[in-house]
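Residue numbers (our numbering), protein chains in the order written: chain C, 6 to 71; chain H, 11 to 257.
Calculated cross-link-like contacts (lysine to any residue; reagent style SDA-like; alpha-carbon spacing at most 20 Å):
| # | chain 1 | residue 1 | chain 2 | residue 2 |
| --- | --- | --- | --- | --- |
| 1 | H | 22 | H | 247 |
| 2 | C | 27 | H | 61 |
| 3 | C | 27 | H | 126 |
| 4 | H | 168 | H | 156 |
| 5 | H | 22 | C | 57 |
| 6 | H | 22 | H | 253 |
| 7 | C | 51 | H | 239 |
| 8 | C | 49 | H | 256 |
| 9 | C | 51 | H | 30 |
| 10 | H | 22 | C | 50 |
| 11 | H | 22 | H | 90 |
| 12 | H | 22 | C | 47 |
| 13 | C | 49 | H | 244 |
| 14 | H | 168 | H | 83 |
| 15 | C | 51 | H | 257 |
| 16 | H | 22 | H | 95 |
| 17 | H | 185 | H | 141 |
| 18 | C | 49 | H | 22 |
| 19 | C | 27 | H | 195 |
| 20 | C | 49 | H | 158 |
| 21 | C | 27 | H | 130 |
| 22 | H | 185 | H | 118 |
| 23 | C | 27 | H | 59 |
| 24 | C | 51 | H | 256 |
| 25 | C | 58 | H | 256 |
| 26 | C | 49 | H | 252 |
The hints are simulated quantities; they were obtained by calculation from the structure and are not laboratory data.
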Amino acid sequence: MLEAIQFSSFSEFIHMGGYGFKIWSVYGLFAIFIAANLLLPMRKRKQILREQKRRLTINDEISRNI
Amino acid sequence: MWLWFSKLGSPKWFYELSGRWLPWLIAAMTIFITVGVIWGLLYLPPDYQQGYTSRILIVHVAVAGTSLAFFPLMAVAGVITMVWRMKLADMVAKMAAPIGAWFSFLTLATGSIWGSISWGTWWEWTDARLVTMLFQLFLLLGVISLRSALEDQDKAAKACALLSIVGLINVVVIKYSVEWWNVLHQVASPVSLSADSPNGPQFWIAIAIMIVAMYLFLSVSLILATRNEILQRERRSQWVQDLVRQS
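Input sequences plus hints: build the corresponding full structure.
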């Protein structure tokens, strides 16, 4: 497993044959793309639930007071 | 068949079923993305011609291939909405557009970075593959802005279904652009797992893992977004109100 790794040192891994910056940029964009499409809908779900819960509680109180 | 169809069209049924599937899908997605990225970054041997830049390709090819699934999906969903008036299909079509735009953007960005190394240019207006992919991104942005511009949901659904048909035709043009026109973008290399294939079996296995990972990611992100849309559009129904009260 370990001997199949294509790099012998960490700096070689970062450098990637001279294209390090471009290759790491691609993987960085990829990470943002994955994170954004998972975290944004999860955050939105919390917002929706909070907002609707608030609305329901207000409605409940109004109907109780009538 | 028809009973199954109308059940599937019910937002409540979809919400409950997808809730049960999500943990498994997320687990599978995490495994495939992790294995694909680690394989790509640590184990993929430098290509015989491209050296380490083949690492860009495994991301680019998987994302680009998956980005072509959006317009067929939205076109089918659009037809189902028009013909059978299925609300769920329209919600899926609506939520798919922004995710498709992300996929198309990443395809262009990673392709551009790869091109800057291999072709010596970031962009080429005369290349049909590049231009049609940019057109797909604009079409998806068009679908998104149509949705937000048209108040009437019926009208919005119809307009977007129409644009999706245009997008569907464009997908066919994207697919065959490298064969129809003589362009900078190369045709797909022959897939081969034999040890003496030019790109090496390692490269194809990495691409296969990433493609599965991207389809799983597409499913997870689309399901998450569609569940949000269901909660909003069905907020007056009893089951959503019960769910909100328990949250």
